[in-house]
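With chain X fixed as given, assemble chain F onto it according to the hints.
So the sequences go chain by chain: X and F. Numbered according to this note's numbering, the first sequence spans residues 1 to 275. Numbered according to this note's numbering, the second sequence spans residues 1 to 404.
What the hints contain is simulated information worked out from the structure, not anything from laboratory work. Model, not experiment: these values are computed from the prediction. We treat Cβ as the ideally placed atom computed from N, Cα and C, and that holds for glycine. Check before you lean on any hint, since a few could be wrong.
As the list claims (entries may be wrong) - Across the chosen pairs, the derived CB separations fall in these ranges:
#1 F:Gly177 <-> X:Val115: 15 to 25 Å
#2 X:Val59 <-> F:Ile162: 49 to 59 Å
#3 F:Ser175 <-> X:Asn188: 40 to 50 Å
#4 F:Gly363 <-> X:Ser209: 17 to 27 Å
#5 X:Gln76 <-> F:Glu24: 52 to 62 Å
#6 F:Asp178 <-> X:Val115: 17 to 27 Å
#7 X:Ala265 <-> F:Thr23: 16 to 26 Å
#8 F:Pro325 <-> X:Arg268: 30 to 40 Å
#9 F:Gly363 <-> X:Asn188: 33 to 43 Å
#10 F:Gly363 <-> X:Asn96: 18 to 28 Å
#11 F:Asp178 <-> X:Asp104: 48 to 58 Å
#12 X:Val266 <-> F:Ile162: 52 to 62 Å
What the hints assert, rightly or not - With a straight-line cut-off of 27 Å between C-alpha atoms, the simulated DSS-like cross-links for lysine-lysine are:
#13 X:Lys246 <-> X:Lys70
#14 F:Lys60 <-> X:Lys98
#15 X:Lys67 <-> X:Lys98
#16 X:Lys124 <-> F:Lys60
#17 X:Lys273 <-> F:Lys29
#18 X:Lys50 <-> X:Lys246
#19 F:Lys60 <-> X:Lys67
#20 X:Lys273 <-> F:Lys224
#21 F:Lys60 <-> X:Lys70
#22 F:Lys19 <-> X:Lys273
#23 F:Lys19 <-> F:Lys29
#24 X:Lys67 <-> X:Lys43
#25 X:Lys124 <-> X:Lys151
#26 F:Lys402 <-> X:Lys273
#27 X:Lys38 <-> X:Lys50
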Amino acid sequence: MKLLKIVQVVVLAAAFLPQTLLASSGAVHPPAQEWGFKGAFGKFDNAAIKRGAQIAVEVCMACHSFKYIKFDSLRQFGFTEAKIIEMADSQGRTKNDKMISSMDGPTAKESFGTVPPDLSLMTKARKGYEDYTYGILAGYLNDAELSLVEKVMEDDEVSKTEALELAASLHVDPQNPEHIKQILNRINNGDNFNKYFPGYFLAMPAPLSDGAVEYADGTESSLKQMAHDVTSFMAWTAEPTLMERKALGFKVILFLVVFTIMLYAVKRRIWAKAH
Amino acid sequence: MSKLMEWVDARIPVSDMIKSQATEYPTPKNLNYWWNFGSLALFILIVMIVTGLFLAMHYKPDADTAFDIVEHIMRDVNYGWLLRYLHANGATFFFIVIYVHILRGMYYGSYRAPREILWWIGIIIFLMMMGTGFLGYVLPWGQMSYWGAAVITNLMTAIPLIGEDLVIWIWGGFSVGDATLNRFFVLHFLLPLVIFALVIVHMWALHAVHSNNPDGIDIVDEAKDTLPFHPYFTIKDLYGIGVLLIIYCWFVFFAPNAFLEPDNYIPANPMQTPAHIVPEWYFLPFYAILRSIDFLGAFSKLAGVIAMIGAICILFILPFLDRSPVRSFRYRPMSKSLFWIFVVNSIMLGWVGYNPADATTFGGALPLIILGRTGTAIYFGYFVMLWVITALKIEKPLPVPKSL
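So that you can see chain F by itself, here it is in the shape it has in the complex:
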């Protein structure tokens, strides 16, 4: 065996790679459980690719039969119901895990130098995940699939000059239809593989600059401050995967439709608009931002689309907005408060996005659109305020430990 490995290593240094990048890879010893969510995301990505591959063996992207094919998978394919529920709920848990992963990066300053490129690749992965999630939701060809696709693709028409032609090109016709479903299936199959490739680049960038840690300080003494990845973090990640699987499987086996809209069990009907079109839950805060810009007359739609895309793309410049000498919010009281306001506000935006645009709360006293606009202002306000308190040195960071 060792002879064989020597022969291989002389040609491609596998053992070295495993040693330096996996088993003996130095990892900060003070990582808390929030650092589990990266490996959890990778785990769910693999689950999604594997279940998706098997689903694709039975699915056919044909507008006349797609809905029935999904029911055929649910009823006639051996463990087809398990594949589909793992895949549908997997999307939900993928986004839960990714949102925690992103927020962890924001809280502990993982986007700060020298990790900007690592952060940017992450945002690109997140954007592609959203695209993949949207495309996948169209495939069962239920009412929400169809009308969700119609509403979202229609946003393209807001683009000046080319919008109208662009949307027809994307549809492959003059409305969402068979051609749209077919290309969405192809893209839904392709994108996860691109995501997988980007995840490898993400990990390459990570291993070049190494993990941040809850104190946000650099490693000074590798021997004292770090532990080898194996066995310390392999076992910790495995334990995390176990906990995730318990919750995930509980939904898959006992409440598989908890995150699905009942309307999507009605076959797509282009002649009948559902009373209330909602996207999947993981788009809701951004959907609320889109709808909150309704006061600019003819420009509202375009401005809404820009705000929605901007809400994610602003993350790209986060490394330059944050000017604090300290990375981790653990030692930054003002940033910490802003962060939690941001989190609560994002959940509130999600709730606004879930409800009809004309809904009210507090017994009709407060139209949700007001909450939506306020929430949008607070969302972007986070990034502005973070710059203000750090660039103008308003925030006085607490003393940071010298070593881990």
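Next up, chain X with everything else stripped away, as it sits in the complex:
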């Protein structure tokens, strides 16, 4: 009996432990952020989505599309019709068109070497979900980090202390100065380094920086604020039915719990006769 107990504990442990046991492999996990729409009680933050939509149209859509979303659907976040028409017009579209960037695929490929992915589903399509999107947007090197890179590479050598200094902000292995040097050389050559992109280098140059847009609602447009807002917007484009789903879910689960308790009571009653 004791053996059985032990085995059962192991089964349970085996079901939950694996992910903690496995040595981290490959890309750096972006740190977890606070998202109001997560969890059973989570709700979309309409003000954040509205600000995010502004960034999406003014910044992201220079290259990227949101092909499953109509401009006119943005109205639910409080944009006026005139504003919607203006936003659509900025991409050469009308308000009933899908949010397709005015830049076409071949042009983008010529400039960036790759066709920018559609962003409608981005927060569902990467491991790390919203944290990943946020991590990428806020994960480019800031001015201080860039000048540190420049300083280190002045003598074309990466010393031990420099390696340690860089390791923290670049998420690289401090024990491998050769690898760090390769990375720094590519940064100096103008390649786009990102702390959270698997393999570090991606085609997209840093899209956002402090003050890149002027928010219509007067919110201060820091990099973190913008990364948060545009990720909130993308969470909505990825799953516009999220609120409807959760609202229905509460009713369904509540009904099922009450109904199942009743079934259990009836079951006990019926089985009482059997003994």
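Chain F in isolation, oriented as in the chain X frame:
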């Protein structure tokens, strides 16, 4: 009303059938909750067929548009998101329920005489479920759909002589493409109906030999040992369905993507292989067995495929491997220990299958491939050991009760 039933019964004995096979059908009174999983499986099968039918009314198997069509279902079709999430998570819960159902049969000796044919039909249903699950996963035409289909169909090339031609015939072209998607959709629609028919045969066989029970002994006195199916087991099964629905719906409404790979929200791209291709979770132990055979050079692939298929097909001979005079592991201490090792080992294999083939654990000290090979040996070892301890009478069963 009773006049009408008399008229019908004179022509087809419906009332008799309902009485003898459902309402008054004698059922062992000591069945525990593990016996709920058969009715749970039937319930989910019906949910899958109904949601699948409605999804099929909106879906089109076209490689150029399939991905967009799924998003159209998610966004524009009324309650389309609910249909799709019920269907996608339904597959997960179907397999959870079926795995418990199979393990219950293994633990209580439900495969033993006279239930061998009942057991075999069950295994065939399980194999067809795996085929249906695989085909269905291809339909959203995301990256994992495409590359999962490519990896699995490519296994056919391991078959000597005809493999290369066979895989082209299955693809309907020289790679996974539009023709493949179209035929996979047709087969994904057909197979569940075949499964449904087999489930009826499964129940026919069950009702011929009657349910096993936790003590694994035969019914001696029907009046004392059994209860009529209705109301005792109808209510117990309904209660089980209620509990299942709470858990299932919790995932559908609050964590619908928990079992889905993020990569499948990227449209299929034949030019770009994902960094790490994983099948759906319910294939993972078998995927680990497939990959664990990597030490036979040119024969590794074929041997891996044989091991993977063998891992399921060995269940067919389980009734003949187990020679114990006692059915239920409740009274078989050694078999019971072997069983739990088998369960833990299968979960471990699943974890190995989830991770990349070259991954390591314990800080790089233990390559997962070693765990995979060990796990494969233990998996097949279960069946060997079960034969050894029962055929050579090494296991001394505990005394079995005379009646329920």
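Against the structure, the hints come out as follows:
Roughly 21 Å separates the CB atoms of Gly177 (chain F) and Val115 (chain X), a value that falls within the hinted 15 to 25 Å. Taking 49 to 59 Å as the suggested C-beta distance range, the pair Val59 (chain X) and Ile162 (chain F) conforms, at roughly 56 Å. Judged by the Cβ atoms, the range 40 to 50 Å given for Ser175 (chain F) and Asn188 (chain X) holds: they are separated by roughly 41 Å. For Gly363 (chain F) and Ser209 (chain X), the hinted distance range of 17 to 27 Å is not satisfied, since their beta carbons lie about 39 Å from each other.
A C-beta distance of roughly 58 Å is found between Gln76 (chain X) and Glu24 (chain F), which places it inside the suggested range of 52 to 62 Å. Restraint check, Asp178 (chain F) to Val115 (chain X): a C-beta distance of roughly 21 Å satisfies the suggested window 17 to 27 Å. Here the CB-CB span from Ala265 (chain X) to Thr23 (chain F) is close to 22 Å, well matched to the stated 16 to 26 Å. Hint check: Pro325 (chain F) to Arg268 (chain X), Cβ distance near 37 Å, so the stated range 30 to 40 Å holds.
Taken as a hint, the range 33 to 43 Å holds for the pair Gly363 (chain F) and Asn188 (chain X), whose Cβ atoms sit roughly 34 Å apart. Evaluation of the 18 to 28 Å hint for Gly363 (chain F) and Asn96 (chain X) yields a failure: the beta carbon distance comes to about 57 Å. Range check, Asp178 (chain F) to Asp104 (chain X): Cβ separation about 25 Å, and the 48 to 58 Å hint is violated. A hinted range of 52 to 62 Å for the beta carbons of Val266 (chain X) and Ile162 (chain F) is consistent with their spacing of about 58 Å.
A threshold of 27 Å between alpha carbons decides the hint, and for Lys246 (chain X) with Lys70 (chain X) the separation of about 23 Å falls inside it, so the pair holds. With a C-alpha separation of about 21 Å, the suggested pairing of Lys60 (chain F) with Lys98 (chain X) holds against the 27 Å cut-off. Of the pairs offered as hints, the one joining Lys67 (chain X) and Lys98 (chain X) holds, with about 6 Å between alpha carbons and a cut-off of 27 Å not exceeded. At roughly 23 Å between alpha-carbon atoms, Lys124 (chain X) and Lys60 (chain F) fall within 27 Å of each other, so this suggested pair holds.
The straight-line distance between the Cα atoms of Lys273 (chain X) and Lys29 (chain F) is roughly 12 Å, inside the 27 Å bound, and the hint therefore holds. About 21 Å separates the Cα atoms of Lys50 (chain X) and Lys246 (chain X), which keeps this hinted pair within 27 Å; it holds. Taken as a hint, the Lys60 (chain F) and Lys67 (chain X) pair is honoured in the structure, with Cα atoms around 19 Å apart against an allowance of 27 Å. Taking the CA atoms of Lys273 (chain X) and Lys224 (chain F), the gap is about 14 Å. The hint holds against a cut of 27 Å.
In summary, the hint linking Lys60 (chain F) to Lys70 (chain X) is supported, as the alpha carbons are separated by about 23 Å, within the 27 Å threshold. Restraint check: the Cα-Cα separation between Lys19 (chain F) and Lys273 (chain X) comes to about 21 Å, which is no more than 27 Å; the hinted pair holds. Distance hint between Lys19 (chain F) and Lys29 (chain F) is fulfilled; the C-alpha atoms sit about 18 Å from each other, no more than 27 Å. For the given pair, Lys67 (chain X) sits about 24 Å from Lys43 (chain X) by alpha-carbon distance, which is consistent with the 27 Å threshold.
With a C-alpha separation of about 39 Å, the suggested pairing of Lys124 (chain X) with Lys151 (chain X) is violated against the 27 Å cut-off. Only pairs whose Cα atoms come within 27 Å are accepted, and Lys402 (chain F) paired with Lys273 (chain X) is accepted, the gap being roughly 23 Å. Proximity of Lys38 (chain X) to Lys50 (chain X) is assessed by CA-CA distance (about 18 Å); at most 27 Å being required, the pair is judged to hold.
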